[in-house]
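Trainee: Read off the chains here:
There are 2 protein chains.
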Amino acid sequence: MATDDESVLARIMQQVLREAADFSFDLTPPHMGQRIHRIVRRESGHPDPYREQKIRCNRLAAELYPRLKEEVSSADRPMDFALRLAIAGNVIDFGPPGGNPSVSLRHVAEAARRETLAVDDSARFWSAVKTAGRILYLGDNAGEVFFDRLLLEYLPAEKVTFVVRGGPIINDITLNDLDGVGLEKIVTVIDNGSDAPGTVLEDCSPEFRRHFETADLILSKGQGNYETLSGIKDRHIFYLLKAKCPVLARDLGVPEGSMVVRGSGPL
Amino acid sequence: MATDDESVLARIMQQVLREAADFSFDLTPPHMGQRIHRIVRRESGHPDPYREQKIRCNRLAAELYPRLKEEVSSADRPMDFALRLAIAGNVIDFGPPGGNPSVSLRHVAEAARRETLAVDDSARFWSAVKTAGRILYLGDNAGEVFFDRLLLEYLPAEKVTFVVRGGPIINDITLNDLDGVGLEKIVTVIDNGSDAPGTVLEDCSPEFRRHFETADLILSKGQGNYETLSGIKDRHIFYLLKAKCPVLARDLGVPEGSMVVRGSGPL
Chain Y
3 MATDDESVLA
13 RIMQQVLREA
23 ADFSFDLTPP
33 HMGQRIHRIV
43 RRESGHPDPY
53 REQKIRCNRL
63 AAELYPRLKE
73 EVSSADRPMD
83 FALRLAIAGN
93 VIDFGPPGGN
103 PSVSLRHVAE
113 AARRETLAVD
123 DSARFWSAVK
133 TAGRILYLGD
143 NAGEVFFDRL
153 LLEYLPAEKV
163 TFVVRGGPII
173 NDITLNDLDG
183 VGLEKIVTVI
193 DNGSDAPGTV
203 LEDCSPEFRR
213 HFETADLILS
223 KGQGNYETLS
233 GIKDRHIFYL
243 LKAKCPVLAR
253 DLGVPEGSMV
263 VRGSGPL
Chain L
3 MATDDESVLA
13 RIMQQVLREA
23 ADFSFDLTPP
33 HMGQRIHRIV
43 RRESGHPDPY
53 REQKIRCNRL
63 AAELYPRLKE
73 EVSSADRPMD
83 FALRLAIAGN
93 VIDFGPPGGN
103 PSVSLRHVAE
113 AARRETLAVD
123 DSARFWSAVK
133 TAGRILYLGD
143 NAGEVFFDRL
153 LLEYLPAEKV
163 TFVVRGGPII
173 NDITLNDLDG
183 VGLEKIVTVI
193 DNGSDAPGTV
203 LEDCSPEFRR
213 HFETADLILS
223 KGQGNYETLS
233 GIKDRHIFYL
243 LKAKCPVLAR
253 DLGVPEGSMV
263 VRGSGPL
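From first to last, the protein sequence lines stand for chains Y and L. This note's numbering puts the first residue of the first sequence at 3, with every later residue one more than the last. This note's numbering puts the first residue of the second sequence at 3, with every later residue one more than the last.
Hints are supplied without guarantee of correctness; some may be wrong.
[Claimed, not checked] Computed, partial: chain Y to chain L, Cβ under 10 Å: (1) Val10; (2) Ala12; (3) Met15; (4) Gln16; (5) Gln17; (6) Glu21; (7) Ala22; (8) Asp24; (9) Phe27.
[Said to hold, decoys possible] Simulated restraints on C-beta separations: (10) Ile57/Y <-> His238/L: 50 to 58 Å; (11) Glu258/L <-> Asp78/Y: 15 to 23 Å; (12) Asp78/Y <-> His48/L: 52 to 60 Å; (13) Pro257/L <-> Arg211/Y: 35 to 43 Å; (14) Ala12/L <-> Glu204/Y: 17 to 25 Å; (15) Pro49/Y <-> Thr216/L: 57 to 65 Å.
Please keep in mind that the hints were generated in silico from the structure rather than gathered at the bench. Backbone N, C-alpha and C define an ideal beta-carbon position, used for all residues, glycine too.
In isolation and in its complexed conformation, chain Y is listed as follows (with noise of 0.2 Å):
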């Protein structure tokens, strides 16, 4: 996506596989694929090569959003159906191997409707969201921020941060990814400063820094941000996603292609 110039993409190949060399087995996959979209970007001169895809994720979603939460609203328990939309709607992400966001989005509502929870602490979830002050919605991807929004219609909107990442990287939802999903009209919106497609709090900015230390409760979406939190035990944090490869699927005890709600911390 980023460019055809055959001598571009072998020079990405060989400083991504130099990088990927001197990798540290401690660090975070995340952490890794901040540093090959950089390559990826600084070699190709493109500065976002998703930014199509992104919008044309967004522009499927938006399409697919009135429809929904009529639905939603009809549902037996419209919250915890919501939930269950965000959850399902964390498959459309290009950074796992064989994803496919266009045929999936179709898929989004049909997997809410029938799949249960493979881990669910959604009880829990309700419980917390209800007594929090501050919550912080640690975002994932562009089309998924629309089933985001869905379940933000569930939450104390006036108590909620919405977090996107600081700069393009692969599919992830930045500022610049935010038309029309009319997010900041019923939440505050911040970026975390960061590139990395995960919550890397080395990385991230301040003022990031700062919400997320004093948040009452953190919503964690998607795979990136649990692989860069899950260390972390001093935050009272819930992960929702789908767990959407082998490592994940056996860090979390569950099959592959679970929906997952994993609450987290001092509790």
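Could you slot chain L onto chain Y? The hints should help.
Mentor: Relative to the frame of chain Y, chain L by itself:
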């Protein structure tokens, strides 16, 4: 297969990535395979990681052999069926991703019965075999060698020199893996002096190169030999192979998985 020690695996990965970063795009996959597997053997201390697999493949193929030989001799066109079997046997390969010899071995005969050749220079093949004085047969993998033996029954064995790899490399056949194959009883067998999974001429022994330069006809089995020899235009070579990866299939202009007999050189 070479080791379970995670620190050794990590070291191998890092060294392989470092080599891969410096890999010239002018070299062939067998050049790279040679370097990768030298690292694996050196760092793991295992001189022949695929040894057990090669023994198993040979044993499975040996069990099929008598029945297949019978089937060939009673076939409509025994020579062409033997040729197709030798090509179908090329599926026994641990090199390309997804290779699973023990499953596919049972399907070799079925493939030879059912499939036609996507590139079919077999008429020229048989006429070249008839007139050639010295024939060099470049073998490929363990297990597969039994299917080569079936074809050798229909070649002028006294004119054939069969070539194996000079040292352990993936599941390629070496002198050490010929126990029970009985090849030496019907043809002359030599090794090429090289541990590349193909025929990298500059890496082969002077003795092999002399054979290569003076043979009237070269029969080349498999992808690795094709990848390393297909640039050579002044020798009379027939390539017998299955196109097991998309790059090779595109190069040959055939669908992936196709069986191919292609003649090349000053005919």
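Trainee: Of the hints given before, which are not true for this structure?
Mentor: 1, 11 and 13
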